[in-house]
Each structure stands twice: as structure tokens, then as C-alpha cells.
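2 protein chains.
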Amino acid sequence: MSDSAVQESGQTCERNLWIGIDLGGTKMFAAVCDADFEILGRKRKSTKGHQGAEAGVDRVIQTIQQAIEDADVSLDRVAGIGFAAPGPLDLIDGIILETPNLGWRDVPICKLLKKEFGCPVTLLNDVDAGVYGECQFGVAKDAASVVGLFPGTGIGGGFVRNGDILSGSRYSCFEVGHIRVHPDGPLCGCGRRGCLEAVASRLAIASACAKAAYRGQAPKLKEIAGTDLSDIRSGALKQAIKEGDSVVEQIVRDAARQLGTAAGSIVNLLHPDIILLGGGLVEALPELYVKEVQNAANDQIMPSFKKSFRVCASELGDFAAIKGAAAWAKKKQDEQPA
Amino acid sequence: MSDSAVQESGQTCERNLWIGIDLGGTKMFAAVCDADFEILGRKRKSTKGHQGAEAGVDRVIQTIQQAIEDADVSLDRVAGIGFAAPGPLDLIDGIILETPNLGWRDVPICKLLKKEFGCPVTLLNDVDAGVYGECQFGVAKDAASVVGLFPGTGIGGGFVRNGDILSGSRYSCFEVGHIRVHPDGPLCGCGRRGCLEAVASRLAIASACAKAAYRGQAPKLKEIAGTDLSDIRSGALKQAIKEGDSVVEQIVRDAARQLGTAAGSIVNLLHPDIILLGGGLVEALPELYVKEVQNAANDQIMPSFKKSFRVCASELGDFAAIKGAAAWAKKKQDEQPA
Chain G
14 MSDSAVQESG QTCERNLWIG IDLGGTKMFA AVCDADFEIL GRKRKSTKGH QGAEAGVDRV
74 IQTIQQAIED ADVSLDRVAG IGFAAPGPLD LIDGIILETP NLGWRDVPIC KLLKKEFGCP
134 VTLLNDVDAG VYGECQFGVA KDAASVVGLF PGTGIGGGFV RNGDILSGSR YSCFEVGHIR
194 VHPDGPLCGC GRRGCLEAVA SRLAIASACA KAAYRGQAPK LKEIAGTDLS DIRSGALKQA
254 IKEGDSVVEQ IVRDAARQLG TAAGSIVNLL HPDIILLGGG LVEALPELYV KEVQNAANDQ
314 IMPSFKKSFR VCASELGDFA AIKGAAAWAK KKQDEQPA
Chain F
14 MSDSAVQESG QTCERNLWIG IDLGGTKMFA AVCDADFEIL GRKRKSTKGH QGAEAGVDRV
74 IQTIQQAIED ADVSLDRVAG IGFAAPGPLD LIDGIILETP NLGWRDVPIC KLLKKEFGCP
134 VTLLNDVDAG VYGECQFGVA KDAASVVGLF PGTGIGGGFV RNGDILSGSR YSCFEVGHIR
194 VHPDGPLCGC GRRGCLEAVA SRLAIASACA KAAYRGQAPK LKEIAGTDLS DIRSGALKQA
254 IKEGDSVVEQ IVRDAARQLG TAAGSIVNLL HPDIILLGGG LVEALPELYV KEVQNAANDQ
314 IMPSFKKSFR VCASELGDFA AIKGAAAWAK KKQDEQPA
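As given, the protein sequences belong to chains G and F, one line each in that order.
Following our numbering, the numbering of the first sequence begins with 14 at its first residue and continues without gaps.
Following our numbering, the numbering of the second sequence begins with 14 at its first residue and continues without gaps.
Calculated directly from the structure, the hints in this document are not laboratory data.
Bear in mind the structure is a predicted one, so any value in this text is a computation, not a measurement.
The list treats identical chains as one, so a pair stands whether inside a single copy or across any two.
Only pairs whose alpha carbons sit at most 20 Å apart, straight line, appear in this in silico DMTMM-like list of lysine to aspartate or glutamate: (1) Lys319 x Asp119; (2) Lys127 x Glu27; (3) Lys319 x Asp106; (4) Lys320 x Glu111.
The task is simple: from the sequences and hints, build the whole structure.
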């Protein structure tokens with residue numbers, strides 16, 4: 014149904030390619046996939062969110078165009094685009110509502126891209142896309158129910174159950190960074206206090222580590238990245254731990270434990286088969302994260318639920334979200350009445 | 014499909030009645046429903062959990078038998094039984110796993126009742142049953158997605174989405190009382206610290222109010238119920254507030270706010286259309302609860318999600334769970350392949 018045939022200069026060409034694009038705080042990444050979701054061409058570009066939404070959408074369009082060029086296919090073979098963006102999103106009207114890390118508000122991305130590329134565009138949350146990708150093609154292939162927790166600048170979440178992404182009637186959901194874990198906790202980017210991402214995101218970790226570096230408690234980190242939060246990224250944390258900064262390791266472990274306690278609360282609520290961890294921090298330190306989250310979650314869950322779920326790290330890296338977005342676009346088109 | 018005809022002494026009688034039973038910490042309540050889930054007969058009995066599981070199951074059997082007698086129908090017209098119990102539950106094998114408030118463990122209730130009554134028995138969580146009942150017959154009839162929060166001795170939760178109860182692959186879920194809301198909070202009945210029900214259940218409220226009564230800060234409550242937690246029930250709290258115990262009102266409002274903050278976290282996660290409040294405490298003080306929970310939830314949710322959900326109180330009282338359990342038993346039987 015989705016692979017409609019179109020007539021072009023006397024030839025029939027099949028619309029059976031799918032584009033997935035993942036809009037992140039620092040970079041955007043697009044890929045053209047064939048009907049089996051093998052990647053034919055791709056393009057990465059920095060997001061430059063500070064330049065505003067209009068310039069950002071232009072960069073999105075260029076990124077998609079260049080991925081199509083890289084795949085060496087014609088646009089009229091593209092059946093649809095799946096667009097993964099940080100939430101909250103209006104899924105019915107295809108609008109990016111709030112992106113604290115980009116500063117964009119109320120961007121009608123689906124309408125804009127449909128006008129440019131002439132094919133249906135499906136919006137979904139970026140972590141949902143990553144979880145859906147791992148469920149379709151990666152580490153979570155056999156699981157019925159998967160909760161994704163992706164600590165980054167904030168903490169993104171996603172929930173895929175029986176092949177479907179959980180969402181509200183209109184809005185994307187699973188804003189796991191904004192569950193409250195501490196009534197008097199530190200101020201969060203959302204303006205409230207004690208949200209999970211205020212205590213366990215990479216930004217929270219970087220902030221604590223910068224303080225330690227400044228004090229002289231993390232000499233390796235100071236050497237590698239200094240005390241500017243913008244430079245204290247996942248790779249620098251990994252290297253500092255490797256070179257013996259035990260304070261940095263303790264700070265990361267504490268944050269991973271807080272994430273694990275929240276994971277335990279979520280297991281008590283939703284009982285997924287898998288807690289899937291992803292994002293740059295987890296990719297840099299997968300063993301530390303999987304172990305600390307599993308242990309802390311076990312400490313929080315009901316005794317009956319023990320051993321009923323496992324914690325694992327994403328294995329497709331940043332391909333999970335683009336392949337997931339492309340596959341989701343196809344699924345949504347397939348579901349539409351003929 | 015579910016209404017199979019059976020042959021009995023030359024006559025055909027239709028198996029089209031459904032029994033719902035709700036097992037609570039203090040009482041059990043069973044009803045026989047017709048095909049439209051109108052109640053034909055019912056029976057309430059105290060649970061007497063302390064007498065142990067074996068005696069308890071005998072009381073369950075008597076309660077069902079007496080509800081059938083009250084309905085004045087023959088057993089062979091009963092198509093199925095829906096059994097609502099506090100979780101966690103093993104839904105595949107039909108086992109009640111842990112009931113801290115009854116002290117029962119690993120009770121294979123479905124097998125026991127099937128042997129007794131000769132019809133299929135479906136197990137479900139009690140709050141799920143209440144939410145499902147309100148979705149089918151009550152205040153949540155038009156909602157696609159409903160989260161139930163029922164503060165009682167503990168705090169039960171349920172989640173119904175698109176006509177389906179959310180559960181794990183094997184176990185019931187939505188143990189909302191055991192999400193952690195305070196890292197250093199008071200000890201919970203589950204042995205951990207800072208769980209929602211350790212700070213916001215009726216037991217937590219009663220404990221704080223007993224202290225106030227003992228200190229002389231709640232003179233009306235002391236007159237009405239004394240300082241024994243077993244006597245500080247929802248009705249006593251309501252009356253003390255009505256008669257002017259402002260400390261009691263403040264304690265209940267604080268607990269309702271904590272429940273509301275958790276509700277806000279859950280809206281950020283799951284984005285239901287309705288947060289449904291139920292149980293004796295909410296039935297006694299519906300306006301206070303709806304208002305405090307709505308306000309505290311609004312303080313915690315993402316700005317984009319505001320006005321996208323409403324908080325309301327259950328309207329079917331303890332009929333919600335028995336009708337919900339009966340209707341769920343029918344749904345599960347209808348879904349089975351012929």
C-alpha cells in the first residue's frame with residue numbers, strides 16, 4: 014500500500030525508499046533507507062540551534078537533500094520521511110512544541126518538509142525513534158515491551174510496547190527527565206526543582222565534575238577538558254576515569270544510580286522486559302551504566318518483579334534513531350486506510 | 014463466542030452472566046452481572062486477612078456463592094469470573110504474588126476458583142479493575158487513556174489505554190505506590206525509603222494525624238477517633254476537617270499535593286486524558302483531592318501539556334471494580350480464538 018507506483022517520463026518507478034532524520038541538540042543526521050531499511054546514503058550536519066528555527070529548518074532540508082544525493086536516488090522514489098525530534102511534540106499536527114536545548118518553539122516541521130519534498134512526513138520523539146529502531150533492528154528485537162532512558166544534555170525517554178510507540182492522544186510523551194525524584198532537588202532547565210535530569214543528566218554530571226576539576230580533585234579531567242561545561246563531554250569523562258580520576262568516576266556512578274532508581278520506579282509502573290540505555294554517555298561507559306542502573310533498579314523494585322527485566326545498552330548507536338524513524342514512517346503509512 | 018450454550022436436563026440455558034469480585038484489605042465484594050453488566054445480585058464480606066490465605070479463599074468462595082444466591086440464578090449460567098486483587102499478580106498463571114496488607118503470598122486463585130465454579134477465571138489488579146469499570150460504565154467513558162491513583166492503606170494505580178489494561182508480559186503493573194519521590198523519605202511497607210505511599214497514603218496521613226491528635230493539635234479528631242491508626246479512617250478525617258481541625262486538613266492537603274506531584278510526573282511520562290482518583294479517602298473528600306492533585310500536577314508538568322488532561326474522582330464507588338472485573342473477564346474470553 015505504501016509503495017505506490019508513480020509515472021515519470023514514461024517509466025514506472027516505485028516509491029519504496031524511506032528517509033529517517035534525527036534532530037539533536039548538536040547535530041542532525043539523515044539517511045535514505047531501502048525497503049529493508051538498509052542505508053543507501055546519509056548526511057550529518059551540525060544543528061546550530063542558536064541560529065534560530067528558520068535557519069535550522071533550512072539546514073534540515075539541505076541535510077535531507079544531501080543524503081538523497083549520497084544515496085544517488087531520485088526524490089520521487091521516496092515514499093515518506095520519519096522525523097525524530099526532542100519533545101514535547103504535537104503528533105497530530107506535526108509540530109515541534111518545545112526544545113529547551115535548541116530554543117525552537119512551535120515549528121510545524123511536517124508541513125514545511127512535506128511542501129519541500131512532496132511526500133508524507135511523520136513526526137516522532139527522538140528517543141522513541143531510537144527505542145523503536147533497537148526493537149526493529151537491534152538489541153531489543155525479541156522484547157514485547159521496552160523503556161528507553163537516554164541521558165544526554167537532558168534525559169530523554171521512550172516506550173515501545175507490542176510494536177507500538179506509546180503516546181498521548183495528541184502529544185508525544187515519556188518525558189522521563191521531568192519526573193520528580195527529589196522534592197528539594199536542584200533547579201531544572203524546565204524551571205522546576207528535583208527533576209531527574211537536574212540530578213542525573215550529562216549536564217548535571219559535567220557541572221559536578223567541573224566543580225571537582227576547579228577544586229583540584231579531578232586533575233586528569235582538568236588537563237583533558239578544563240572547567241568549561243561545554244568541553245566536558247562523554248569522551249572526556251571516559252578518558253578522565255580511565256586515567257584515574259576517581260572523583261569523576263564516583264560522580265558518574267552516583268548519577269547512574271539515580272537513573273537506576275528512577276528506572277526501578279518505572280519498572281514498578283510499567284514492567285518492561287528491557288530497560289534500554291542509550292546516548293553518548295552510555296556509549297562511552299556502557300559497562301558502568303548497565304551495572305549501576307541494574308543494581309539501583311533492583312533496589313527499588315517490588316520483590317516479585319526481580320529477574321523479570323534486564324538492562325542493556327543500545328547497540329546501533331546513532332543509527333537506531335534514523336532507522337527507527339524511517340521504519341516508523343512506513344508503519345504509519347501502512348496503517349492508513351487505502 | 015463467550016456465550017456458549019450448555020445442555021442441561023434437556024433444556025438449553027445460556028452462559029451469559031459474569032461475576033466480578035474485588036478483594037480488598039478490609040472487605041471483599043462480589044456481584045453477578047447480566048450480559049449488559051447490570052447487577053443481578055451481590056454480597057459483601059469482611060476479608061479477615063489475618064486468618065491466612067486458605068481461610069480467605071474459603072470466604073471468597075462463600076461470597077461468590079452467596080452473590081449467586083442473591084441473584085437467584087443457577088451456576089451454569091455463569092460464563093466467567095473476573096477477580097480483582099491487590100498486586101503484584103502473575104497474570105499468566107493467575108497467582109496473587111504479594112499482598113502486604115493481607116499477608117497472603119503465592120495464592121493460585123484462578124486455579125482454585127475454576128475448580129470450585131467450573132468456569133474460566135481472569136485475574137486483574139484491583140485498581141485496574143476500578144479504572145476499567147469507570148472507562149466502561151462511569152466517569153471516564155469517553156477517554157482514550159486513563160491513569161488511576163487510589164490512595165488507601167497503600168496507594169494503588171491502574172492504567173487503561175484504548176480499552177486495554179496495561180500490564181507486563183507476565184505481571185500486573187502500575188505499582189504507583191512504589192515510585193520513589195524522596196531519596197531520604199520515610200520507611201515504606203515494602204522495606205525501601207521514600208516511596209509515594211510512604212508519604213501520601215491514608216496510612217501515612219493517619220499516622221501524621223494521630224501524632225497531631227496526641228499533641229492536642231487535632232482535638233476534634235481525638236474526640237472522634239482517638240489516636241489509634243486503626244480508627245483514623247476516611248470518614249473520621251472528613252468529620253474532623255468539617256468540625257474545624259485545621260491541622261488535619263493541612264495534613265490531608267499536603268498528602269494530596271504529594272500525590273498530585275507524582276501525578277504530574279506520570280502525565281509527563283504517559284500523557285493520559287484523565288487522572289482518575291478513587292478509594293475511600295477520595296470518596297470522603299472529593300473536592301479537596303481533585304483540586305490539590307490538579308494544582309500540584311500542573312506545577313510539575315511540561316508547559317505544553319497543560320490543559321491537556323483533567324483530574325476527576327471515581328463516580329461508581331466500589332461498584333467500579335466489580336463491574337470492571339466482570340467486563341474484563343468477558344473481554345478476555347471474547348479475545349480468545351474460537
